[in-house]
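> Using the sequences provided together with the hints, build the complete structure.
As you go down the protein sequences, you meet chains L and B in turn. Positions 0 to 592 (numbering that gives the first Met the number 0) are the ones given, in order, by the first sequence. Positions 0 to 278 (numbering that gives the first Met the number 0) are the ones given, in order, by the second sequence.
These are computed hints drawn from the structure, not numbers from a lab.
The calculated label-pair distances, taken between Cβ atoms and stated as ranges, are:
1. B:Asp220 <-> L:Asn561: 49 to 59 Å
2. B:Asp37 <-> L:His460: 52 to 62 Å
3. L:Glu495 <-> B:Asp148: 18 to 28 Å
4. L:Arg478 <-> B:Thr48: 34 to 44 Å
5. L:Asp375 <-> B:Ala194: 35 to 45 Å
6. B:Ala194 <-> L:Glu575: 55 to 65 Å
7. B:Ala242 <-> L:Glu495: 42 to 52 Å
8. B:Pro204 <-> L:Ala444: 42 to 52 Å
Beta carbons: idealized from backbone N, C-alpha and C, even for Gly.
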Amino acid sequence: MRRPAFAALVLAACFGCGGPAFETGARAFSPSFPVDNGASIARVRARVAKTPIPRGPDVAVGIAQDRNSVSAVLLDGTQHAWAYAHRVDQLLITGDVVVASGDGEAVVVDLRTGRPLSRRKIGPVRLVGASDDGTMTVLTLRRGGIGGSSVVVFDRSGNVLRRIESDESLGAPALVGGVVFVPWKTQSVSAIEVTTGEELGRFTSPVVTESAFTSNGSIFFGDQELVRFDDAISAARPTRFALPPHAFLGETRRAVPESAVPLEVSDANRPSRLLVKAAPDPGLGFEDNVYYTINYGALTAVDVGSGHPLWSVLPGADAAGGGSYHGGAYLCDVEGRIFRVALDGAVSPTGRFNRPLRSCLVRSDAVVTVPPHRPDPTTKNFSSVLLSSRPELLPLQLSLLDALGKFGTDEAAQVLLDIAEAPKTMKDVSDRARTVIASLRTGRAAMVTRLGNHADFLAEHPAPAVGPMAEALATMGAREAAPELARHLLDPATAEADLPAIARALRALAGANELAKLRQFFALYRVAARGPHQEAACAVAGEALATQGSPEDVARVDKAQNDVSTNAEVRRLLAEALAKAPRNVPNPSRTPP
Amino acid sequence: MGRFLRVLAWVVVTESLARAADSSVAAPGGQRKPFTADQRSALRRRLETGDEGAVRAALHEIVGNEASRREFGPTLAALLDAGVPASLAPSLLSALGTVDGALGASRFIAYADHRDVIVRRAAATELSKLHTVPARAALAVLLRDFDGDVRRLSAAGLGDAAASEAAPDLARLWERGERYALVPLAQVCVGAPCASLTKAAGAAPLADTSAAVQVFFSRTDRGAPDSVKVDVLAALGASKAPAVRAFLTDLSERAPKASSAAVRAALEGAVRATKGAPP
Numbered sequence: 000m001r002r003p004a005f006a007a008l009v010l011a012a013c014f015g016c017g018g019p020a021f022e023t024g025a026r027a028f029s030p031s032f033p034v035d036n037g038a039s040i041a042r043v044r045a046r047v048a049k050t051p052i053p054r055g056p057d058v059a060v061g062i063a064q065d066r067n068s069v070s071a072v073l074l075d076g077t078q079h080a081w082a083y084a085h086r087v088d089q090l091l092i093t094g095d096v097v098v099a100s101g102d103g104e105a106v107v108v109d110l111r112t113g114r115p116l117s118r119r120k121i122g123p124v125r126l127v128g129a130s131d132d133g134t135m136t137v138l139t140l141r142r143g144g145i146g147g148s149s150v151v152v153f154d155r156s157g158n159v160l161r162r163i164e165s166d167e168s169l170g171a172p173a174l175v176g177g178v179v180f181v182p183w184k185t186q187s188v189s190a191i192e193v194t195t196g197e198e199l200g201r202f203t204s205p206v207v208t209e210s211a212f213t214s215n216g217s218i219f220f221g222d223q224e225l226v227r228f229d230d231a232i233s234a235a236r237p238t239r240f241a242l243p244p245h246a247f248l249g250e251t252r253r254a255v256p257e258s259a260v261p262l263e264v265s266d267a268n269r270p271s272r273l274l275v276k277a278a279p280d281p282g283l284g285f286e287d288n289v290y291y292t293i294n295y296g297a298l299t300a301v302d303v304g305s306g307h308p309l310w311s312v313l314p315g316a317d318a319a320g321g322g323s324y325h326g327g328a329y330l331c332d333v334e335g336r337i338f339r340v341a342l343d344g345a346v347s348p349t350g351r352f353n354r355p356l357r358s359c360l361v362r363s364d365a366v367v368t369v370p371p372h373r374p375d376p377t378t379k380n381f382s383s384v385l386l387s388s389r390p391e392l393l394p395l396q397l398s399l400l401d402a403l404g405k406f407g408t409d410e411a412a413q414v415l416l417d418i419a420e421a422p423k424t425m426k427d428v429s430d431r432a433r434t435v436i437a438s439l440r441t442g443r444a445a446m447v448t449r450l451g452n453h454a455d456f457l458a459e460h461p462a463p464a465v466g467p468m469a470e471a472l473a474t475m476g477a478r479e480a481a482p483e484l485a486r487h488l489l490d491p492a493t494a495e496a497d498l499p500a501i502a503r504a505l506r507a508l509a510g511a512n513e514l515a516k517l518r519q520f521f522a523l524y525r526v527a528a529r530g531p532h533q534e535a536a537c538a539v540a541g542e543a544l545a546t547q548g549s550p551e552d553v554a555r556v557d558k559a560q561n562d563v564s565t566n567a568e569v570r571r572l573l574a575e576a577l578a579k580a581p582r583n584v585p586n587p588s589r590t591p592p
Numbered sequence: 000m001g002r003f004l005r006v007l008a009w010v011v012v013t014e015s016l017a018r019a020a021d022s023s024v025a026a027p028g029g030q031r032k033p034f035t036a037d038q039r040s041a042l043r044r045r046l047e048t049g050d051e052g053a054v055r056a057a058l059h060e061i062v063g064n065e066a067s068r069r070e071f072g073p074t075l076a077a078l079l080d081a082g083v084p085a086s087l088a089p090s091l092l093s094a095l096g097t098v099d100g101a102l103g104a105s106r107f108i109a110y111a112d113h114r115d116v117i118v119r120r121a122a123a124t125e126l127s128k129l130h131t132v133p134a135r136a137a138l139a140v141l142l143r144d145f146d147g148d149v150r151r152l153s154a155a156g157l158g159d160a161a162a163s164e165a166a167p168d169l170a171r172l173w174e175r176g177e178r179y180a181l182v183p184l185a186q187v188c189v190g191a192p193c194a195s196l197t198k199a200a201g202a203a204p205l206a207d208t209s210a211a212v213q214v215f216f217s218r219t220d221r222g223a224p225d226s227v228k229v230d231v232l233a234a235l236g237a238s239k240a241p242a243v244r245a246f247l248t249d250l251s252e253r254a255p256k257a258s259s260a261a262v263r264a265a266l267e268g269a270v271r272a273t274k275g276a277p278p
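Printed below as a string of structure tokens:
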């Protein structure tokens, strides 16, 4: 009983530090706010539209490994870096400042200089969000067990200009032109004038709205789906967009940039993080139509429309965080290195922190004049991740392979084939690549070309994934693949496990020349077959000869079936198959000369 | 003493009996008398039983009978065509190679694709004896086999067949550390691929290169250029290993009479260069 009372006392003392006593926001968030069909928010739009929203410096901000300092590296080419000692539990970038909270205090630090601009005691509350317009800072704070939230606006001297208490659950605010946009009840956004505390307008959001934020010179509301605060804000259908439910996203579908909402240190090392940035007005959707995911050390670019991965790279050690920009994304690793990865997948080191990081955020609003190049999928774009033996990357690797299987292009098929035959691939990855290849209904030309490769000691070629290709090509009816499939059937370097699939494919695709190879295979192994793969392949070869071959072939197979020296399992499988598919009425076109 | 003499006498007697037995079994040219018709049909029946022991015994008899063995060629070929256990295939391939290599050629090529490595080695051995164009082509493919013995047998066969078309692959094998490839390369190389010998002479131990150098210097055809021979000698002459001087001295004594003046001069120079080394 004593503890809540004590906590309330502490909160009251902290919120009051350096400012006037408690205010109640009687007008803001009032249930009696008139339903005006968007008239009030339209007026706010008209007022705010005249205020340019400044783009802050491009910057990477990091939390040190021991959480006792925040540091930054400017990404404007100067490589200017600074560090500021302060306990950090939460961190976000807004405008020209970084807001860090920890040990019951929020500090606003100038991004360009590292100089603290203001500090506020906030007590044992959670920083929900913050915004800064260059002259004042607004924080949304949420109390824990007691409930309710506060909005606190203070100037560079730390003087509280406005404080609003509410029993509602308030979201992350945006501050533009002296107006604070505060989401609440996950559905409404109140536009509150700082100087008067009056609620100027209210927007009833059609999407779940946890945050208001500025990005790329615009204001956005939302969470997984975003609404842009533009001239359509009062219309029946405001401008809204979301990330489609792609496999790469899993549960992580938040479309709010990481830098715009507080990064909690406890969340910083979660296995999957999403880097996304809304396109600037008047564009609709996301920058470059691409989003990025971070999985441990891997950064993956995914096309928003199709869900197809463009590339996946492992630039450094485990990732500490990153951010997207028009033309690519930044990634920082736990060793403090910063990498810039262009939209074409090219990785370049762009700076480094002077310390190991626990987590980092990157915000870049730089305007790129050269249109970024979107690459076709090539093995180079995926090899570092797909060939990695780090077990924690396995879910990403499997997702990438599944996605490549849906591309429907020769290039994607090439990537899958490369991965399936790469000697250093992890078994689970190789197996999935083979499964995906077997299910392909495209990439026919790539596969036929690849079948021309044979395992070769001299050329140091490994054996290609012939079995899965055989399955896919047989389904596609690719008769042009038959000659090479026949060569692989007889190639002693072909993997044992691939033999049955090759034989089955040849049963469907073989011409006269391939029947000759099946004849040779049947002769070599009808007695000598060892193990289930050779036995199965031999039985299928015999079945193909008996059902499609010459009268001599039919007689040869019959004789083999009655010969006790023929492998018993081959005889059994052959008998079963021929019971279903009767022996051939000879087909002259298939009879060898 | 008496006991010692008794033991000695026993050893002498048993040794002479064993020698007598050996000489009767391994008489050069094998059995002279052709098989009778009954013997032939009995042997064919044994071959067709599929019983490994019976087949091996029959093969032994057939191969040993020089007068009649050739007529069993078609039977052996038919057995291989129909399919045999991997354990028996090497014996059959070897027997067919002895009985009628030309008839066996297509079977050796087919069995060179067998998944059992022992069978492939047997096929490579038989192909190496043929020196025909198809056999050389099959051996060239086997140079890429993942089994080292198959490659070694194939390389030797290509060298014996003077298959100059295989020289680039043999050179690549040598560069990959396959020491057996150097002698065949010295046998077959023409022009540029012979330069591998110079590299080898300069870098590899004499034990790995001496046979290849000897083979190369015994060649007097235009394919083995004097310039390469001179380079090889220069590379060897740079070595101060004691064995090199002895080897070069021996090489100069054995050098073919047709060797050019330049090669002879290079040989003498190389011997002089290693003079510091004890012979």
